[in-house]
Amino acid sequence: MNRRTHPALTVWAWLTYAFLYLPILVLIVFSFNESKFGANWTGFTTHWYSVLFARQDVREAVSHTLEVAVLSTLVSTVLGTLVGFGLWRGGFRGRVPLTFLLVMPIVIPDVVMGVMLLMFYAIVRGLLERTGWTFENGFWTVMLAHVSFQISYVALTVRSRLAGYGRELEEAAADLGATPVQSFLQVVLPLALPGVLGGALLAFTLSLDDFVVTYFTSGSGFRTLPVLIYTAVKKGVTPDINALSTLLVLFTVVMIVLANLLSRPRKEQV
Amino acid sequence: MTPRRFLATLGPGLLWLAIFLIVPSVIMLGYSFLTRTDLAQVGAPWTLENWQRVFGYDALFRQWVPDNLRVLWRSLWLAALSTLLCVLMGYPLAFYIAHQEARRKNLLLLLLIIPFWTNFLIRVYAWILILRPFGLVPSTAATFLGMVYAFLPFFVLPVYSSVEKLDWRLLEAAEDLGATPARAFMTGVFPQTLPGLVAGILLTFIPALGMFVVSDILGGAKTALIGNLIQNQFGQAGDWPYGSALSFLLMGVVLLGLWLYARFAGEKGLEELL
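These protein sequence lines are chains A and B, in that order. All residue numbers for the first sequence refer to the working numbering, where the first residue is 1 and numbers rise by one. All residue numbers for the second sequence refer to the working numbering, where the first residue is 1 and numbers rise by one.
Next up, chain A with everything else stripped away, as it sits in the complex (with noise of 0.2 Å):
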């Protein structure tokens, strides 16, 4: 498509971009300012980088945030899959009610979706405690609150796969003599293969990045990354967190690439 591009429109693009990257790119030069209160540049340094590095609660957020988001992935996608499988297959009554209900967790506010599971945990708690039993909120109520919302993501993602495909598919193989199980591990989870990773990744990096859900369901012990960027945002501006965040977005570009890297066509040899 080779149409002609207004010299207004090129110039409200490139302000957009700019609007765009003018906090990153301030976050990314404050990170190496010597100045402990931001606002002026006094030299560049990279002691911030240092002083994050010694925080042990940092180290801890990092690997809580890795824990959950693995396990919460690896549960999800499982579930996921089968959902996003069983939608594509059909041949029940109820999709309508069916959609709505994966596209809840998509769409409702994560305010709400906190709020409720710290209600939920809290009667689950209270019913255990009749029988002895007891949990606090911490990597648990994180993990199956993350895995809630990730499961409408992988299979809408699975399901979008496999759109393209009949039904042949199962009959064929079917015919061929395979059980149901057979035909779904040997001919549709192989195809269905890129949307599976898909909404892994996707399911992954949502774990990652979510603060608010975690927010809400994850008691006072136990920390994620996002939620020690907002607490420590709330208590003021340190420039150890301009650091990490520099980090985090560089983590961000890293991953994106490779992703696009990956899912590149390689091109024919000739």
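Hint data in this document are derived by calculation from the structure and do not stem from the laboratory. Check before you lean on any hint, since a few could be wrong.
Unchecked claim - In the SDA-like style, the derived pairs of lysine to any residue whose C-alpha atoms are separated by at most 25 Å in a straight line are: (1) Lys36(A) - Ile130(B); (2) Lys36(A) - Gly135(B); (3) Lys234(A) - Arg74(B); (4) Lys222(B) - Ile130(B).
We have chain A already, so just place chain B on it with the hints.
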């Protein structure tokens, strides 16, 4: 599908959603009719007081006070205004990107996806560094700016996927038939971008409506939104019944909007949101 296969495939996932989504929603609805007995404690008697408070009735002084309605109203117009600004900035941008040749297009998309995936808190926090020297933190203007900034990539991407699929022959046909450029655009192009535009608007407006992080970090007490009100009930105030009523109202508004959207756009439209 046999019931057994239904249970084997959809069963576990749907059971999970029922336990962690439907049951908590019902609990929340129930709590909204109960009474706060102590900090974060809930008990008898059943009452309508929380819902009256949501809409501004002060049971203690037996009068209507506008404070709460003001917060609801502010949440609505701030979400609407942020969405509008995202449309103004992002809609043309989608066309610009779609017009570039392949390599440049990929680069520009990549530059859009980076802020899309960069942690939300960090992107909002960065504005403190910029705006604070001007004395603009906390302020309503900063909240507004932060919202637009936070949601812009979420808006542009779905619009772009619509623009990318455009059939430009319709525009040419309209021009050949003598339509002015503006009219040719409105009849030949705009309707084709509508699915992406609607999806982008919903993806901006809905999270903006429930937002509490941006207003919390950049807005201060004067810019409290319904999200902040909810956060406060589950934090310092410890008033779960009132917080439940507020949350249920917010969820109801969003689900109602989604239901209306699904009625017009059907199941396909629901999926296109994603």
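Evaluation of the provided hints:
Between Lys36(A) and Ile130(B) the CA atoms are separated by roughly 16 Å; this keeps the pair inside 25 Å, and the hint holds. At most 25 Å may separate the alpha-carbon atoms for a hinted pair to count; Lys36(A) and Gly135(B) meet this at roughly 18 Å. At most 25 Å may separate the alpha-carbon atoms for a hinted pair to count; Lys234(A) and Arg74(B) meet this at roughly 23 Å. Between Lys222(B) and Ile130(B) the alpha-carbon distance is near 20 Å, which keeps this suggested pair within the 25 Å criterion.
Checked against the numbered hints above, the structure violates none of them.
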